Amino acid sequence: MYIPEELIPGIDKLSGPLLINRNADGIFKAGRVLRGNEFVTNMPTLIESLRLVGLYIVDSEGNRL
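Sequential numbering of the sequence shown, starting at 1, is according to the UniProt record's numbering.
Think of the hints as simulated: they come from the structure by calculation, not from any bench. The structure presented is a predicted model; accordingly, all values stated were derived computationally and were not measured. Take these hints with a grain of salt, some might be off.
To be verified - So the derived label-pair ranges between C-beta atoms look like this:
hint: 1; residue 1: Gly62; residue 2: Pro4; range: 40 to 48 Å
hint: 2; residue 1: Asp25; residue 2: Ser60; range: 37 to 45 Å
hint: 3; residue 1: Gly16; residue 2: Arg64; range: 16 to 24 Å
hint: 4; residue 1: Gly16; residue 2: Leu50; range: 20 to 28 Å
hint: 5; residue 1: Asn21; residue 2: Arg51; range: 23 to 31 Å
hint: 6; residue 1: Leu46; residue 2: Asp12; range: 31 to 39 Å
hint: 7; residue 1: Arg51; residue 2: Gly16; range: 40 to 48 Å
hint: 8; residue 1: Asp59; residue 2: Lys13; range: 36 to 44 Å
hint: 9; residue 1: Arg35; residue 2: Pro4; range: 18 to 26 Å
hint: 10; residue 1: Gly62; residue 2: Ile3; range: 38 to 46 Å
hint: 11; residue 1: Leu14; residue 2: Val58; range: 22 to 30 Å
hint: 12; residue 1: Val40; residue 2: Glu61; range: 26 to 34 Å
hint: 13; residue 1: Arg64; residue 2: Tyr2; range: 39 to 47 Å
hint: 14; residue 1: Leu55; residue 2: Met1; range: 34 to 42 Å
Heads up, the beta-carbon is just placed ideally off N, CA and C, and yes, glycines get one too.
Hey, can you work out the whole structure from these sequences and the hints?
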(Lines of atoms letter the chains of each structure in order from A and count residues from 1; the text may use other names and numbers.)
(Lines give C-alpha, C1' and ligand atoms only; values in the text may rest on other atoms or scores of the structure.)
Protein backbone atom coordinates (compact mmCIF):
# COMPACT_ATOMS: atom_id res chain seq x y z
CA MET A 1 0.00 0.00 0.00
CA TYR A 2 1.36 3.39 -0.95
CA ILE A 3 1.19 5.92 1.89
CA PRO A 4 2.08 9.50 0.92
CA GLU A 5 5.03 10.90 2.90
CA GLU A 6 3.12 14.13 3.67
CA LEU A 7 0.44 12.22 5.60
CA ILE A 8 2.93 10.55 7.96
CA PRO A 9 6.16 12.55 7.89
CA GLY A 10 9.24 10.35 8.10
CA ILE A 11 7.33 7.13 7.44
CA ASP A 12 10.23 5.71 5.42
CA LYS A 13 12.45 5.90 8.51
CA LEU A 14 9.89 4.50 10.98
CA SER A 15 9.09 0.90 11.84
CA GLY A 16 6.41 -0.75 13.90
CA PRO A 17 2.64 -1.16 13.82
CA LEU A 18 0.85 1.48 11.78
CA LEU A 19 -2.64 2.79 12.50
CA ILE A 20 -4.28 3.72 9.19
CA ASN A 21 -7.43 5.76 8.60
CA ARG A 22 -9.05 5.62 5.18
CA ASN A 23 -12.36 6.69 3.69
CA ALA A 24 -15.03 4.43 2.18
CA ASP A 25 -13.37 4.72 -1.25
CA GLY A 26 -10.22 3.14 0.18
CA ILE A 27 -8.18 6.32 -0.08
CA PHE A 28 -5.64 6.73 2.70
CA LYS A 29 -6.57 9.78 4.82
CA ALA A 30 -4.26 9.77 7.85
CA GLY A 31 -2.33 7.54 10.18
CA ARG A 32 0.59 7.17 12.53
CA VAL A 33 3.12 4.64 13.74
CA LEU A 34 2.28 3.30 17.19
CA ARG A 35 4.90 3.70 19.91
CA GLY A 36 6.31 0.63 21.65
CA ASN A 37 3.91 0.98 24.59
CA GLU A 38 0.76 1.60 22.49
CA PHE A 39 -1.80 -0.85 21.16
CA VAL A 40 -5.26 -0.81 19.60
CA THR A 41 -8.24 -2.72 21.00
CA ASN A 42 -11.92 -2.21 21.74
CA MET A 43 -13.58 -1.64 25.11
CA PRO A 44 -15.34 -5.04 25.40
CA THR A 45 -12.06 -6.88 24.78
CA LEU A 46 -10.12 -4.64 27.18
CA ILE A 47 -12.74 -5.03 29.92
CA GLU A 48 -12.83 -8.82 29.50
CA SER A 49 -9.02 -9.08 29.52
CA LEU A 50 -8.81 -7.03 32.72
CA ARG A 51 -11.61 -9.06 34.33
CA LEU A 52 -9.74 -12.30 33.62
CA VAL A 53 -6.75 -11.08 35.63
CA GLY A 54 -8.85 -9.62 38.45
CA LEU A 55 -8.71 -5.95 37.46
CA TYR A 56 -11.60 -3.65 36.65
CA ILE A 57 -12.29 -0.31 35.01
CA VAL A 58 -14.68 1.88 37.00
CA ASP A 59 -16.76 4.87 35.97
CA SER A 60 -16.68 8.27 37.70
CA GLU A 61 -19.03 6.95 40.41
CA GLY A 62 -16.93 3.88 41.15
CA ASN A 63 -19.18 1.40 39.33
CA ARG A 64 -17.45 -1.43 37.50
CA LEU A 65 -17.77 -1.34 33.73
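Tested hints:
no. : hint                        : result
1   : Gly62 <-> Pro4: 40 to 48 Å  : holds, 46 Å
2   : Asp25 <-> Ser60: 37 to 45 Å : holds, 39 Å
3   : Gly16 <-> Arg64: 16 to 24 Å : violated, 33 Å
4   : Gly16 <-> Leu50: 20 to 28 Å : holds, 24 Å
5   : Asn21 <-> Arg51: 23 to 31 Å : holds, 30 Å
6   : Leu46 <-> Asp12: 31 to 39 Å : holds, 32 Å
7   : Arg51 <-> Gly16: 40 to 48 Å : violated, 29 Å
8   : Asp59 <-> Lys13: 36 to 44 Å : holds, 41 Å
9   : Arg35 <-> Pro4: 18 to 26 Å  : holds, 22 Å
10  : Gly62 <-> Ile3: 38 to 46 Å  : holds, 43 Å
11  : Leu14 <-> Val58: 22 to 30 Å : violated, 36 Å
12  : Val40 <-> Glu61: 26 to 34 Å : holds, 28 Å
13  : Arg64 <-> Tyr2: 39 to 47 Å  : holds, 45 Å
14  : Leu55 <-> Met1: 34 to 42 Å  : holds, 36 Å
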